[in-house]
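Asks: The listed protein sequences derive, respectively, from chains B and U.
Under the working numbering, think of the first position of the first sequence as 41, with each following residue one higher.
Under the working numbering, think of the first position of the second sequence as 41, with each following residue one higher.
Keep in mind that the hints were calculated from the coordinates and are not lab data.
None of the values given here were measured: they were computed from a predicted structure.
Beta carbons are placed, not taken as given, at the ideal position from N, Cα and C, and that holds for glycine.
In silico contact screen, one side only, chain U against chain B (beta carbon under 10 Å); selected entries:
| no. | residue |
| --- | --- |
| 1 | Gly112 |
| 2 | Ser113 |
| 3 | Arg143 |
| 4 | Glu156 |
| 5 | Phe186 |
| 6 | Glu187 |
| 7 | Met189 |
Per the computed footprint, the stretches of chain B lying under chain U, defined by three or more beta-carbons under 8 Å from a beta-carbon of chain U, are:
| no. | segment |
| --- | --- |
| 8 | 134–144 |
| 9 | 151–159 |
Number of protein chains: 2
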Amino acid sequence: MAEKKAVVLLSGGIDSSTALAVAKAEGYELYALTFRYHQRHAVEIESAKAVAKYLGVKEHLILDLPLHLIGGSALVDRSISVPKGRSLDEISSDIPITYVPARNTIFLSFALAWAEVLGTGDIFIGANILDYSGYPDCRPEYIEAFERMANLGTKVGVEGKIKFQIHTPLIKLTKAEIIRKGLELGMDYRLTTSCYDPDEKGRACGRCDSCLLRKKGFAEAGVDDPTEYKN
Amino acid sequence: MAEKKAVVLLSGGIDSSTALAVAKAEGYELYALTFRYHQRHAVEIESAKAVAKYLGVKEHLILDLPLHLIGGSALVDRSISVPKGRSLDEISSDIPITYVPARNTIFLSFALAWAEVLGTGDIFIGANILDYSGYPDCRPEYIEAFERMANLGTKVGVEGKIKFQIHTPLIKLTKAEIIRKGLELGMDYRLTTSCYDPDEKGRACGRCDSCLLRKKGFAEAGVDDPTEYKN
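All chains, full assembly: derive it from the sequences and hints.
Replies: In structure tokens, the structure reads:
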């Protein structure tokens, strides 16, 4: 019997790397999908490559997307500053300027196209809502709406040959729970990166929302954080 | 009062060019969005530029997308032949190999991102179902599902600041009706191109599904087809 395939969105951060480890543990043949979208933290692509190799993916596709031409986010527009040193209350109270318009919709659309070509309906995304409630495109109701649209808008979906399912194994876990789950599955988090605003050497700033949530996650999981922070 | 803005997907063919003319007639300030996706018929991008200029768009954004790396369609994979000389019954009986997996989902996702940045909820697409029932991502139920997803997965959608609406002014028109509507609105179809498989000089083959539907549309509209076909 042919192995079942999964397309897994992989940024190189904790969540997507753990989602990849979960898909592997569930017996999927792994097709990792990463985007070079002119993100400020393009160093994450090197992490994605390392994680993909570590977890033995069948194929790792890295696609270039010109999201800087659309803009609207501190992550793709260098003229907008990444917020630093915010409290956890502040982080969870709004949708931050690091939100990239329609990013998960764009990323999932490519995952959908690739899944259709590969002949599989299984797509994994490391979206999670608990630690980071700010991003609208990480919520279950959005994911379900995408899934519905995917089954209506594809050849194999309409023909009933494949039922697309967006797997979100981390959606209700805290960062600490995600880290514990990954460690159980043998994930090596030294390979991952989270910082939105690394220096030219790729070192994490230690003060952006993503660094702060990473630190908090390791602390709450009772695990040493392997990251070398600048601050 | 600020003019209302619309993002309009523009391929350079009859349908999208007419959709742009409709948006203009409805009083929108036009933001045309075109993709260079390694399509066999990249000559259509020149048509899109000419149409955008002719209709006086405020901005024309052309984005490069690596869809050839995903493949799965005769339009982006040169090793798959474009069907030629099919009957109209054959054309309308199946989803053809010129279907590009999840293409409208990908295109609409970028339109959504740009609309969010521009601060508008109005997106136009020239999708239509009557002449070309083969593409699943041209059907009203798909468009509605995308719209729903868009409002759940964006910052401005969730905050209730903008309600995204995917306008499909041509969805139930025949090609002949589309052409008549465009002519009423002053569209110059000499600027448009339809062929999936033009020669190196950009001349239309005259025998692919898209050429055949174009010919039929002009014939039924009782209008001279301005296209120079090779066959």
